[in-house]
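Protein chains: 4
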Amino acid sequence: MTKTFLNVQFPVLDDGFVRPVDVMGGDEAVVQAARVSYGAGTKKVSEDRALIRYLMRHRHTSPFEMCEIKFHLRVPMDCWRQWVRHRTASVNEYSTRYSIAVNAAQTTAPERWRRQSSDNKQGSGEFLDLVVGRELSRAETEIQTLARKTYEERLRLGVAREQARKDLPLSTYTEAYWKIDLHNLLRFLELRLHPHAQHEIRAYAQCIYDNVLCAWVPMTAEAFADYVLNAVTFSAVELQIMAAINGGRAAEAAEIYRRAGWDAPKNRERAEFEKKAAKIGLKF
Amino acid sequence: MTKTFLNVQFPVLDDGFVRPVDVMGGDEAVVQAARVSYGAGTKKVSEDRALIRYLMRHRHTSPFEMCEIKFHLRVPMDCWRQWVRHRTASVNEYSTRYSIAVNAAQTTAPERWRRQSSDNKQGSGEFLDLVVGRELSRAETEIQTLARKTYEERLRLGVAREQARKDLPLSTYTEAYWKIDLHNLLRFLELRLHPHAQHEIRAYAQCIYDNVLCAWVPMTAEAFADYVLNAVTFSAVELQIMAAINGGRAAEAAEIYRRAGWDAPKNRERAEFEKKAAKIGLKF
Amino acid sequence: MTKTFLNVQFPVLDDGFVRPVDVMGGDEAVVQAARVSYGAGTKKVSEDRALIRYLMRHRHTSPFEMCEIKFHLRVPMDCWRQWVRHRTASVNEYSTRYSIAVNAAQTTAPERWRRQSSDNKQGSGEFLDLVVGRELSRAETEIQTLARKTYEERLRLGVAREQARKDLPLSTYTEAYWKIDLHNLLRFLELRLHPHAQHEIRAYAQCIYDNVLCAWVPMTAEAFADYVLNAVTFSAVELQIMAAINGGRAAEAAEIYRRAGWDAPKNRERAEFEKKAAKIGLKF
Amino acid sequence: MTKTFLNVQFPVLDDGFVRPVDVMGGDEAVVQAARVSYGAGTKKVSEDRALIRYLMRHRHTSPFEMCEIKFHLRVPMDCWRQWVRHRTASVNEYSTRYSIAVNAAQTTAPERWRRQSSDNKQGSGEFLDLVVGRELSRAETEIQTLARKTYEERLRLGVAREQARKDLPLSTYTEAYWKIDLHNLLRFLELRLHPHAQHEIRAYAQCIYDNVLCAWVPMTAEAFADYVLNAVTFSAVELQIMAAINGGRAAEAAEIYRRAGWDAPKNRERAEFEKKAAKIGLKF
Chain A
2 MTKTFLNVQF
12 PVLDDGFVRP
22 VDVMGGDEAV
32 VQAARVSYGA
42 GTKKVSEDRA
52 LIRYLMRHRH
62 TSPFEMCEIK
72 FHLRVPMDCW
82 RQWVRHRTAS
92 VNEYSTRYSI
102 AVNAAQTTAP
112 ERWRRQSSDN
122 KQGSGEFLDL
132 VVGRELSRAE
142 TEIQTLARKT
152 YEERLRLGVA
162 REQARKDLPL
172 STYTEAYWKI
182 DLHNLLRFLE
192 LRLHPHAQHE
202 IRAYAQCIYD
212 NVLCAWVPMT
222 AEAFADYVLN
232 AVTFSAVELQ
242 IMAAINGGRA
252 AEAAEIYRRA
262 GWDAPKNRER
272 AEFEKKAAKI
282 GLKF
Chain B
2 MTKTFLNVQF
12 PVLDDGFVRP
22 VDVMGGDEAV
32 VQAARVSYGA
42 GTKKVSEDRA
52 LIRYLMRHRH
62 TSPFEMCEIK
72 FHLRVPMDCW
82 RQWVRHRTAS
92 VNEYSTRYSI
102 AVNAAQTTAP
112 ERWRRQSSDN
122 KQGSGEFLDL
132 VVGRELSRAE
142 TEIQTLARKT
152 YEERLRLGVA
162 REQARKDLPL
172 STYTEAYWKI
182 DLHNLLRFLE
192 LRLHPHAQHE
202 IRAYAQCIYD
212 NVLCAWVPMT
222 AEAFADYVLN
232 AVTFSAVELQ
242 IMAAINGGRA
252 AEAAEIYRRA
262 GWDAPKNRER
272 AEFEKKAAKI
282 GLKF
Chain C
2 MTKTFLNVQF
12 PVLDDGFVRP
22 VDVMGGDEAV
32 VQAARVSYGA
42 GTKKVSEDRA
52 LIRYLMRHRH
62 TSPFEMCEIK
72 FHLRVPMDCW
82 RQWVRHRTAS
92 VNEYSTRYSI
102 AVNAAQTTAP
112 ERWRRQSSDN
122 KQGSGEFLDL
132 VVGRELSRAE
142 TEIQTLARKT
152 YEERLRLGVA
162 REQARKDLPL
172 STYTEAYWKI
182 DLHNLLRFLE
192 LRLHPHAQHE
202 IRAYAQCIYD
212 NVLCAWVPMT
222 AEAFADYVLN
232 AVTFSAVELQ
242 IMAAINGGRA
252 AEAAEIYRRA
262 GWDAPKNRER
272 AEFEKKAAKI
282 GLKF
Chain D
2 MTKTFLNVQF
12 PVLDDGFVRP
22 VDVMGGDEAV
32 VQAARVSYGA
42 GTKKVSEDRA
52 LIRYLMRHRH
62 TSPFEMCEIK
72 FHLRVPMDCW
82 RQWVRHRTAS
92 VNEYSTRYSI
102 AVNAAQTTAP
112 ERWRRQSSDN
122 KQGSGEFLDL
132 VVGRELSRAE
142 TEIQTLARKT
152 YEERLRLGVA
162 REQARKDLPL
172 STYTEAYWKI
182 DLHNLLRFLE
192 LRLHPHAQHE
202 IRAYAQCIYD
212 NVLCAWVPMT
222 AEAFADYVLN
232 AVTFSAVELQ
242 IMAAINGGRA
252 AEAAEIYRRA
262 GWDAPKNRER
272 AEFEKKAAKI
282 GLKF
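Protein chains in written order, with the numbering used here: chain A, 2 to 285; chain B, 2 to 285; chain C, 2 to 285; chain D, 2 to 285.
FYI, nobody ran anything at the bench for these hints, they're computed from the structure.
Careful, some of the hints might be misleading.
Claimed, not checked - Under the rule of at most 30 Å between Cα atoms (straight-line distance), these lysine-lysine pairs were calculated in the DSS-like manner:
1) 122/C - 4/C
2) 4/A - 4/D
3) 276/C - 4/D
What the hints assert, rightly or not - Which residues of chain D face chain B? A few of them, derived with a C-beta cut under 7 Å, are:
4) 88
5) 116
6) 122
7) 164
8) 167
9) 220
The beta-carbon is built from N, C-alpha and C at its ideal position, and this holds for glycine as well.
Turn these sequences into a full structure, and let the hints guide you.
What follows is the structure, encoded as structure tokens:
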């Protein structure tokens with residue numbers, strides 16, 4: 002296999018990137034690890050793709066740990082704060098105690114300022130008006146310029162780098178090596194490709210998924226899309242309701258609704274179920 | 002809260018036990034950790050149960066890490082081999098290098114010998130005939146007796162404990178302290194309560210679930226049952242098929258079947274889907 | 002044991018704090034876990050203190066994992082960036098996606114600006130002149146004020162919190178629950194009490210050591226000071242040199258120096274050895 | 002670099018082996034990760050070997066996590082029980098639920114039976130008399146033969162594999178893929194090359210050190226030998242005593258002894274210090 006994605010610098014945001022620098026294993030290593038469980042005498046009954054799909058479907062995660070990948074990254078610190086919450090990974094970050102901070106901060110184009118989401122307390126909605134956006138971008142430049150000037154003035158006056166950096170904005174870019182196994186990379190992607198993830202880290206996750214995962218482990222990426230990214234889980238209560246509806250027992254369905262407290266106004270569980278039910282065209 | 006389960010020795014198998022010896026936190030600590038994300042000014046909109054259910058439903062796992070539990074366990078080594086594969090836990094096991102091995106091995110009653118499962122390569126099916134079982138239990142006693150005699154003879158002749166133990170049977174009981182956070186305990190229970198888990202470790206998982214989890218964190222245990230233990234996940238392909246069926250588009254459903262390779266004889270994905278579909282009374 | 006340190010808010014830096022909120026276990030739990038290795042029949046030969054010292058001396062770390070502690074913390078984000086690099090811990094951080102950022106940034110008094118260290122590329126040296134410090138503190142107020150104003154203006158104009166925060170300074174305080182076992186807490190303290198650790202995080206580590214560790218697990222804290230914090234390790238080469246010097250074989254010592262490349266100017270290994278040798282009054 | 006050790010099956014014990022199957026990185030990847038901390042503008046002051054020694058000396062462990070290695074192993078289950086206690090690694094073990102257990106148990110030659118150590122409760126001493134050894138080996142064959150016969154009889158009668166295996170001896174060989182990063186491999190080797198580690202696992206550790214580590218990462222292996230394997234740590238009390246002795250203040254040294262409780266008979270700390278002092282020819 003030629004790994005054409007290796008050492009390619011994939012751009013993300015205005016000045017960030019993802020650059021895969023080394024890999025160990027691939028789809029075939031997942032299969033090899035899974036087969037050790039079957040022992041020497043086992044016939045190769047199922048072919049690789051079916052086996053990988055089986056592992057993914059039943060959350061047999063350990064064979065996916067047998068692959069490893071290492072990236073060189075350039076990410077705004079604000080985004081990096083979320084990134085390092087994924088603990089099962091190895092990290093060597095550019096040190097602003099040893100070196101002068103990267104002279105770049107993430108900037109926002111006037112048309113890219115996002116309104117507070119109305120239905121998701123932690124999220125963003127549509128873009129703000131361009132007139133407002135222009136003013137916001139102007140003010141962004143002002144604060145970023147002053148922050149850098151203050152930083153450089155501190156260094157000029159002899160302040161230690163570790164202290165001088167203290168008022169750099171969270172938008173400042175940092176760089177790092179990041180090494181993670183395939184199982185934990187999938188978990189990172191699952192969480193960071195989610196519609197509720199913040200735009201910035203989603204952009205990185207999408208870049209990794211599109212340019213790296215699909216090229217590196219195509220069978221795993223396909224199974225991951227089917228069984229994780231685009232799958233839907235129904236709870237015990239939801240399964241009962243669906244069984245009642247499919248069985249034509251509307252009264253029973255209503256009764257389950259009531260017992261679950263779903264008849265309260267603004268009940269969140271019901272709202273989420275109805276969205277999922279719409280997805281499969283369930284009529285009730 | 003009085004924790005009546007603390008220091009109770011719950012028996013498992015013929016000579017094993019589970020004894021919870023200490024806990025930190027509970028449902029209220031999960032809630033407290035989740036609320037730190039909302040900041041000081043946030044009104045307590047949703048009550049605790051709804052919040053815990055929300056966290057469980059959306060796999061927001063970190064608040065569940067805020068609770069911790071410690072057990073004293075007595076488990077056959079064969080079962081313990083599976084147990085310690087759960088790495089995110091702390092363990093101090095009884096050392097047979099320092100001390101003489103526990104003088105007890107797991108025994109099997111004549112009516113408890115399990116036949117190899119016909120449809121699950123790693124599992125067991127129904128019980129063997131009692132006549133055969135009697136012979137098996139007799140032979141079990143013989144091998145266990147000889148193994149212990151050999152062990153004790155080695156010790157008598159001055160062999161080091163660490164070497165003398167080498168031919169003890171896997172059925173020998175061991176003891177340990179085992180400490181784990183609630184999130185990882187749930188993961189342990191999810192995997193070890195699964196119908197495909199081996200009978201022996203399922204017995205321990207069931208004991209912990211029934212006697213400890215439900216008493217310690219009742220809201221979490223309920224949410225876990227609804228959203229994990231008794232939930233069902235449908236893949237991207239399965240959702241498409243369900244949408245086609247529910248929409249009365251049988252031909253489209255058949256076409257998706259075909260494209261997914263489900264018309265092959267003994268296709269495993271189809272067989273699993275049909276089981277799930279039956280559960281919700283989907284007719285097609 | 003009354004745990005008088007629980008729920009006490011210990012101040013750190015200008016506006017931070019450490020507040021222990023819950024513990025599981027203590028010195029006695031370390032001992033209990035260590036003893037399980039000795040089995041039921043073992044006499045209590047050594048008393049607890051000696052056992053804990055033995056465990057610490059020989060890096061038998063697993064019994065220390067049997068204790069757990071949970072803190073509520075308030076820390077500047079710059080410092081928190083270092084803190085979360087300790088991966089074997091559980092964290093729930095205040096979310097500035099959900100809530101408005103804490104309205105406080107770490108400020109520096111005019112007499113507390115630190116000069117870049119001359120002999121340690123990552124560290125700080127003595128304080129800068131007060132006249133310069135006054136100017137630096139004035140500029141600090143300016144950048145922090147503008148950053149907050151910009152943040153609040155963004156919120157006022159409807160920008161999503163997750164985006165509005167992007168140019169907050171690293172000095173902004175954050176809050177979190179942090180839960181860790183005793184073994185990993187010791188490792189945190191070892192690294193963060195080190196003279197090369199940054200001043201800010203050292204202040205937190207010192208506060209935890211003084212006010213929490215010594216009160217919670219006094220025997221462990223004492224052994225940790227003797228065998229880790231204040232211990233010195235000599236390498237294979239250094240041991241050979243010491244043996245030669247103590248044996249009066251100066252020529253041999255010089256020869257080992259030479260072979261190790263220590264006669265090169267500015268050899269770092271030699272410089273470090275000489276500092277350690279001075280500590281034990283080794284004359285050569 | 003040609004990695005001549007890859008895919009070589011290095012024999013260990015009577016029927017075990019270590020076979021490295023894949024690696025990521027090497028000494029150069031450690032250096033590369035360490036340098037990211039220095040930033041683009043940093044001159045390459047120190048050459049690679051000195052940098053790796055510096056990292057090892059000061060326990061800067063994260064750059065060593067940037068390398069990864071995967072082994073195929075064959076190990077007696079008794080030894081494997083110790084092996085899997087190293088949690089920061091990925092494992093896929095041969096499953097005796099799916100397949101028939103490996104038909105091989107670790108055997109002991111008549112001259113290799115080890116006496117219980119007199120000074121180390123968990124260890125072994127010299128070998129037992131050959132006459133006794135012959136009898137022990139004969140009995141070993143007997144128990145292993147009966148255990149295998151019982152196992153096969155169970156399978157013949159239709160007992161499920163997962164239950165049939167329950168009385169196999171701990172000496173039965175198992176196989177696994179084992180993947181670990183270099184930092185954690187060093188920690189494994191440090192603990193398992195220790196004189197107090199059990200003979201069997203030491204044999205594996207020595208094999209990995211000799212045949213794999215030194216060939217894969219020669220600079221790291223050398224630094225590891227100097228600063229970890231063959232280094233000695235002196236505690237705070239020991240340093241004080243050494244300073245007093247080197248300063249010719251014998252009375253002070255005696256006083257420190259007394260205060261530390263070292264004048265008690267059979268004091269373990271004193272005994273350990275005297276061994277270390279002898280190593281550097283300290284006279285007192």
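Outcome of the hint check:
| no. | hint | verdict |
| --- | --- | --- |
| 1 | 122/C - 4/C | violated, 41 Å |
| 2 | 4/A - 4/D | holds, 20 Å |
| 3 | 276/C - 4/D | violated, 40 Å |
| 4 | 88 | holds, 4 Å |
| 5 | 116 | holds, 5 Å |
| 6 | 122 | holds, 5 Å |
| 7 | 164 | holds, 5 Å |
| 8 | 167 | holds, 5 Å |
| 9 | 220 | violated, 30 Å |
When held up to the earlier numbered hints, the structure conflicts with 1, 3, 9 and fits the remainder.
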